[in-house]
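Based on these hints, arrange chain V on the given structure of chain D.
Protein chains in written order, with the numbering used here: chain D, 1 to 330; chain V, 1 to 217.
Some clues are possibly wrong.
[What the hints assert, rightly or not] Straight-line distance between alpha carbons at most 27 Å, and here's what the computed DSS-like set of lysine-lysine pairs gives: (1) D:K201 to V:K175; (2) D:K146 to D:K179; (3) D:K146 to V:K124; (4) V:K93 to V:K124; (5) D:K17 to V:K98; (6) D:K146 to D:K117; (7) V:K104 to D:K117; (8) V:K175 to D:K114; (9) D:K114 to V:K104; (10) V:K124 to V:K98; (11) D:K114 to V:K124; (12) D:K179 to D:K17; (13) D:K114 to V:K45; (14) D:K114 to V:K63; (15) V:K124 to D:K117; (16) V:K45 to V:K93; (17) D:K128 to D:K146; (18) V:K45 to D:K201; (19) V:K63 to V:K104; (20) D:K146 to V:K214; (21) V:K124 to V:K175; (22) D:K128 to D:K114; (23) V:K214 to D:K117; (24) V:K98 to V:K63; (25) V:K45 to D:K315; (26) V:K104 to V:K214; (27) V:K45 to V:K63; (28) D:K315 to D:K128; (29) V:K214 to D:K114; (30) D:K117 to V:K93.
[As the list claims (entries may be wrong)] Quick list of the computed label-pair ranges, beta carbon to beta carbon: (31) D:R144 to V:G183: 51 to 61 Å; (32) D:E207 to V:G147: 50 to 60 Å; (33) D:E143 to V:G148: 25 to 35 Å.
[Unchecked claim] Chain V is faced by these chain D residues, among others (derived, beta-carbon under 8 Å): (34) E76; (35) S79; (36) T82; (37) A83; (38) A107; (39) G108; (40) M111.
It is worth saying that the hints were derived from the structure and are not from the lab. All values reported here derive from a predicted model rather than from experimental measurement. C-beta: ideal position from N, C-alpha, C; glycine also.
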Amino acid sequence: MQRIINDPDNVVDDAIKGYLRASPSLFAATDHSRVLKYPSSPSDKVGVVTGGGSGHEPAFLGYIGAGMCDAVAIGEIFSSPTADAFLEAFRAAPHGQGVACLYGNYAGDNMNVKMAKQMAELEDIEVKTVIARDDVASAPASERDKRRGVAGEVMMWKIGGAAAARGDSLDEVIRLAQKAVDACSSIGIGLSSCTIPANGKPNFSIEPGHMELGIGHHGEPGIEVAPLTSAEAIATAMCDPVLADQDFAGSEVAVLISGLGATPVMELNILYAHIAERLEDANIRVHRTDIGNYFTSLEMMGATLTLMKLDDELKPLLDAPARSLAITQC
Amino acid sequence: MQVLDATHGRDILEELVEVIVDNRQYLSDVDGAIGDGDHGINMAKGFRLCGESIASQSLSLSKALGTLATTLMGSIGGSMGPLYGSLFMGMAKSVKDKTVLDAKDFGDMLADGREALEQISDAKVGDKCLLDTLVPAIERYRDAVEGGDDFPHALQALRNGAQYGRDSTFELEAKIGRAARLGERSCGHLDAGAVSCCLLLTRLADSTEHRLEKAAA
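Chain D on its own, in the form it takes in the complex (with noise of 0.2 Å):
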């Protein structure tokens, strides 16, 4: 393994320290050490909450910031963080008006997510959920709530961030969060597998000159393994699955392609250019586009492409100021 780190079971740990040190206005520590909050919340607004499994960096820390998330919780490897890590993000959040918790649908997520909100209760936080569910690979949309959540993640946090940040109530961030990640439809592609460092050895693997279409962020089945040809025929093969799932026509979309780790941002440029010759073609009009690595597997080579769907509603919302690692703008 050409890795930089030092005993394969702390990287977690160790990660954490150098986010603390680098970014001292975005992160705070808490009483739990899987847990980091953002420092300069108003106490008087609902709280944002996500957490999940490391690896997908910058998912989930660098959404932590201004009119994103409050508070986040850290897991292992691919690993849901723990019940405990989760009530001490609802705690570290400002409460008050209650906690928007915002993750993606994973069978460890849910259970630690479902004892901490019990535990939250005890303690007189009111805690509301939205499960991401934009994965079309994962699940026909017949059966949407067996689907995973994806980098439509993104759009749920950026969208409820900004919906509690100008001062929303509980219910109506969740509402918006909930619309925002169902207005998205989003497709992976994997070119090669990836290696927790303390497994030492790949997780899968992908034949060289194959892709996986349809891939999970921790390397789940996907759709079909194809030739891997031309950029041009990848954007084709993510954009017709995903311009099924939903009328996107005549619509006006954000778009996110998002880096898996490994792939070069130049060529996920390369690619966005096929998928918005598609989308010219579609009759669908692009708001906007956000190309880079947003929600990562590791060094795992390959992309996601995410189609959101925007309304008046939700457009000044993705547009809305924000500070965090991964989004900035204002």
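For chain V alone, coordinates are given in the frame of chain D:
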């Protein structure tokens, strides 16, 4: 009638900690074939922490199981923390006011643990998970007690059911967890959670039987 003294739980718990810590590498190797390969690492971490926190304390069986549950929930995360945490919390609550357990109480304790686990998870028998061990073990134990077997024979039924359940996962196609990624390729391997559950139930039966023998002597 043979009963288990439930006022002393620390030594039983220490045996459960021992079996998991001793099998750290084995559990990770089983998991490595079709999963993340971290099952032994995570389980041993949680059980070792529990062992440290109960060392030299005098605890009832309920308190000891409760400590194990909260330690697992607080230190493991992922899916195993809540699953095993709920199982042991359900067992702890079941025997909360008991000073002794007869064969039926012991079976109720396991059944209450299963119920708590099923409240937080949708996993089912056949998904290739720890329930594939837990459910047949509990059912065979209950059948033995209802059929008139004494406590030690019922414990043997528990062990047999757990081993049968563990081995049943070999042929199963994983429906949940990371191994589900492999589809048919997950067949031909044991499930790590089913293996750790079998180790725990077997050691719990051994440890209980040993105490029954000691009390009878």
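Evaluation of the provided hints:
Pair hint K201 (chain D) plus K175 (chain V) holds up; C-alpha atoms about 24 Å apart against a cutoff of 27 Å. Pair hint K146 (chain D) plus K179 (chain D) holds up; C-alpha atoms about 18 Å apart against a cutoff of 27 Å. Pair hint K146 (chain D) plus K124 (chain V) holds up; C-alpha atoms about 16 Å apart against a cutoff of 27 Å. Distance hint between K93 (chain V) and K124 (chain V) is fulfilled; the C-alpha atoms sit about 23 Å from each other, no more than 27 Å.
With a CA separation close to 46 Å, the supplied pair K17 (chain D) and K98 (chain V) exceeds the 27 Å bound. For the hint pairing K146 (chain D) with K117 (chain D), the CA-to-CA distance comes to about 21 Å; that is within 27 Å, so the pair holds. Taken as a hint, the K104 (chain V) and K117 (chain D) pair is broken in the structure, with Cα atoms around 34 Å apart against an allowance of 27 Å. Using a Cα cut-off of 27 Å, the hinted pair K175 (chain V) and K114 (chain D) holds, with the two alpha carbons roughly 22 Å apart.
Our distance criterion of 27 Å between C-alpha atoms is broken by K114 (chain D) and K104 (chain V), whose separation comes to about 31 Å. Only pairs whose Cα atoms come within 27 Å are accepted, and K124 (chain V) paired with K98 (chain V) is rejected, the gap being roughly 30 Å. Between K114 (chain D) and K124 (chain V) the alpha-carbon distance is near 19 Å, which keeps this suggested pair within the 27 Å criterion. Restraint check for K179 (chain D) and K17 (chain D): not satisfied, since their Cα atoms lie roughly 35 Å apart, outside the 27 Å limit.
Pair hint K114 (chain D) plus K45 (chain V) holds up; C-alpha atoms about 23 Å apart against a cutoff of 27 Å. For the hint pairing K114 (chain D) with K63 (chain V), the CA-to-CA distance comes to about 23 Å; that is within 27 Å, so the pair holds. Annotation: proposed proximity of K124 (chain V) to K117 (chain D) holds, straight-line Cα distance about 24 Å (limit 27 Å). The straight-line distance between the Cα atoms of K45 (chain V) and K93 (chain V) is roughly 24 Å, inside the 27 Å bound, and the hint therefore holds.
Taking the CA atoms of K128 (chain D) and K146 (chain D), the gap is about 20 Å. The hint holds against a cut of 27 Å. Between K45 (chain V) and K201 (chain D) the CA atoms are separated by roughly 21 Å; this keeps the pair inside 27 Å, and the hint holds. Simply put, K63 (chain V) and K104 (chain V) have alpha-carbon atoms about 20 Å apart, close enough for the 27 Å limit, and the pair holds. As the CA atoms of K146 (chain D) and K214 (chain V) are separated by approximately 51 Å, the hinted pair breaks the 27 Å bound.
In summary, the hint linking K124 (chain V) to K175 (chain V) is supported, as the alpha carbons are separated by about 9 Å, within the 27 Å threshold. Under the criterion of a C-alpha separation no larger than 27 Å, the hint pairing K128 (chain D) with K114 (chain D) is consistent with the structure, at around 10 Å. Distance restraint check for K214 (chain V) and K117 (chain D): the Cα-Cα separation of roughly 44 Å exceeds the 27 Å cut-off, and the hinted pair is therefore not satisfied. Note on K98 (chain V) and K63 (chain V): the hinted pairing holds, with a Cα-Cα distance of about 11 Å set against a maximum of 27 Å.
Taken as a hint, the K45 (chain V) and K315 (chain D) pair is broken in the structure, with Cα atoms around 46 Å apart against an allowance of 27 Å. A threshold of 27 Å between alpha carbons decides the hint, and for K104 (chain V) with K214 (chain V) the separation of about 20 Å falls inside it, so the pair holds. Straight-line distance between C-alpha atoms of K45 (chain V) and K63 (chain V) comes to about 20 Å, which keeps the hinted pair within the 27 Å bound. Between K315 (chain D) and K128 (chain D) the CA atoms are separated by roughly 23 Å; this keeps the pair inside 27 Å, and the hint holds.
Among the hinted pairs, K214 (chain V) with K114 (chain D) is inconsistent with the structure: their alpha-carbon atoms are about 42 Å apart, more than 27 Å. For a cut-off of 27 Å, the pair hint linking K117 (chain D) to K93 (chain V) stands: about 20 Å separates their Cα positions. A hinted range of 51 to 61 Å for the beta carbons of R144 (chain D) and G183 (chain V) is inconsistent with their spacing of about 22 Å. A hinted range of 50 to 60 Å for the beta carbons of E207 (chain D) and G147 (chain V) is consistent with their spacing of about 54 Å.
For the pair E143 (chain D) and G148 (chain V), the beta carbons lie near 47 Å from each other, so the given range of 25 to 35 Å is not met. Restraint check, E76 (chain D) versus chain V: the minimum CB separation of about 6 Å is within 8 Å; hint holds. The beta carbon of S79 (chain D) is positioned within 8 Å of a beta carbon in chain V (closest approach about 4 Å), and the interface hint is therefore held. Taken as an interface hint, T82 (chain D) checks out: its beta carbon lies about 4 Å from the nearest beta carbon of chain V, inside 8 Å.
A distance limit of 8 Å between C-beta atoms decides the matter here; for A83 (chain D) the minimum to chain V is near 5 Å, and the interface restraint holds. For A107 (chain D), the interface hint holds, since its Cβ comes within 8 Å of a Cβ in chain V; the closest pair sits about 5 Å apart. Residue-level restraint check for G108 (chain D) holds (minimum Cβ-Cβ distance to chain V is 4 Å; threshold 8 Å). Evaluation of the M111 (chain D) hint against chain V yields a held restraint, the C-beta minimum of about 4 Å falling below 8 Å.
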